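J.: Sequence:
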Amino acid sequence: MPETMDLTEAVYYILLSLTTPLHGYGIMQRVGRLSDGRVTLAAGTLYGALSTLVGRGWIEEVPTPSDSRKKEYVLTSTGRGALDTELIRLTELVRNGRTVLKGVAHDHD
Numbered sequence: 015m016p017e018t019m020d021l022t023e024a025v026y027y028i029l030l031s032l033t034t035p036l037h038g039y040g041i042m043q044r045v046g047r048l049s050d051g052r053v054t055l056a057a058g059t060l061y062g063a064l065s066t067l068v069g070r071g072w073i074e075e076v077p078t079p080s081d082s083r084k085k086e087y088v089l090t091s092t093g094r095g096a097l098d099t100e101l102i103r104l105t106e107l108v109r110n111g112r113t114v115l116k117g118v119a120h121d122h123d
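As numbered in the numbering used here, the sequence shown has no gaps in its residue numbers, which increase by one up to the final residue, 123.
Please keep in mind that the hints were generated in silico from the structure rather than gathered at the bench. Honestly, I wouldn't trust all of these hints.
[To be verified] In silico SDA-like cross-links for lysine to any residue, where the CA-CA straight-line distance does not exceed 20 Å:
hint, residue 1, residue 2
1, Lys84, Thr99
2, Lys85, Thr34
3, Lys84, Gly58
4, Lys84, Met42
5, Lys85, Leu64
6, Lys84, Leu55
7, Lys85, Ala63
8, Lys85, Gly62
9, Lys85, Ser49
10, Lys85, Asp20
11, Lys85, Gly38
12, Lys85, Asp50
[Claimed, not checked] Listed next, with one range per pair, are the computed distances between beta-carbon atoms:
hint, residue 1, residue 2, range
13, Val118, Thr78, 52 to 58 Å
14, Pro35, Asp98, 15 to 21 Å
15, Thr113, Thr66, 43 to 49 Å
16, Asp81, Asp20, 21 to 27 Å
Since we're looking at a predicted model, the values are computed, not measured. Here a beta-carbon is modelled for each residue, glycine too, at the ideal position from N, C-alpha and C.
Using the sequences and the hints given, assemble the complete structure.
T.: Encoded structure:
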């Protein structure tokens with residue numbers, strides 16, 4: 015079972031983007047597309063997150079030719095478990111919000 019923790023939006027999108035191998039710039043592009051441009055990652059933020067995610071075993075570096083300077087990363091089964099857990103948590107948040115707010119009058123002061 016994966017280590018449980020609430021994911022930040024940036025980490026959620028990084029993991030989601032790594033269902034196929036990508037290098038850093040590709041991750042930044044895919045995160046932007048997946049979030050409709052709402053989430054943008056600075057290089058320092060991305061590479062710090064990648065290091066943390068590798069350390070947790072949620073992503074791994076993909077072997078590349080020795081002459082390649084670009085590192086590619088991909089989601090591991092442990093990372094997929096973390097994503098699945100986060101989807102359950104987010105679904106519960108939305109369900110509870112809809113349940114509570116259903117029928118509650120909007121206050122238009």
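J.: Would the pair lysine 85 and threonine 34 pass a check requiring their Cα atoms to be no farther apart than 20 Å?
T.: holds, 13 Å
J.: With respect to the beta-carbon atoms only, verify the hint that proline 35 and aspartate 98 lie 15 to 21 Å apart.
T.: The hinted range 15 to 21 Å holds for proline 35 and aspartate 98, with Cβ atoms some 20 Å apart.
J.: Is the gap between the beta carbons of valine 118 and threonine 78 within 52 to 58 Å?
T.: holds, 53 Å
J.: Take the C-alpha atoms of lysine 84 and methionine 42, compute the straight-line distance between them, and say whether it is at most 20 Å.
T.: holds, 14 Å
J.: Given the hinted pair lysine 85 and glycine 62, is their Cα-Cα distance within 20 Å?
T.: holds, 14 Å
J.: Given the hint that lysine 85 pairs with serine 49, does the C-alpha gap stay at or below 20 Å?
T.: violated, 23 Å
J.: For lysine 84 and threonine 99, compute the direct alpha-carbon distance and say whether it is at most 20 Å.
T.: violated, 30 Å
J.: Take the C-alpha atoms of lysine 84 and glycine 58, compute the straight-line distance between them, and say whether it is at most 20 Å.
T.: holds, 16 Å
J.: For the pair threonine 113 and threonine 66, does the Cβ-Cβ distance stay inside 43 to 49 Å?
T.: This hint is violated: roughly 34 Å between Cβ atoms.
J.: Is the Cα-Cα distance between lysine 85 and alanine 63 20 Å or less?
T.: Given that 20 Å is the threshold and the Cα spacing comes to 14 Å, the pair holds.
J.: Given the hinted pair lysine 84 and leucine 55, is their Cα-Cα distance within 20 Å?
T.: Judged against 20 Å, a Cα distance of about 18 Å means the pair holds.
J.: Assuming the hint says 21 to 27 Å, is it satisfied by the Cβ distance from aspartate 81 to aspartate 20 or not?
T.: Violated, since aspartate 81 and aspartate 20 (Cβ atoms, about 40 Å apart) do not stay within the stated range.
Hint compliance for this structure: hints 1, 9, 10, 12, 15 and 16 are not met, and every other hint is.
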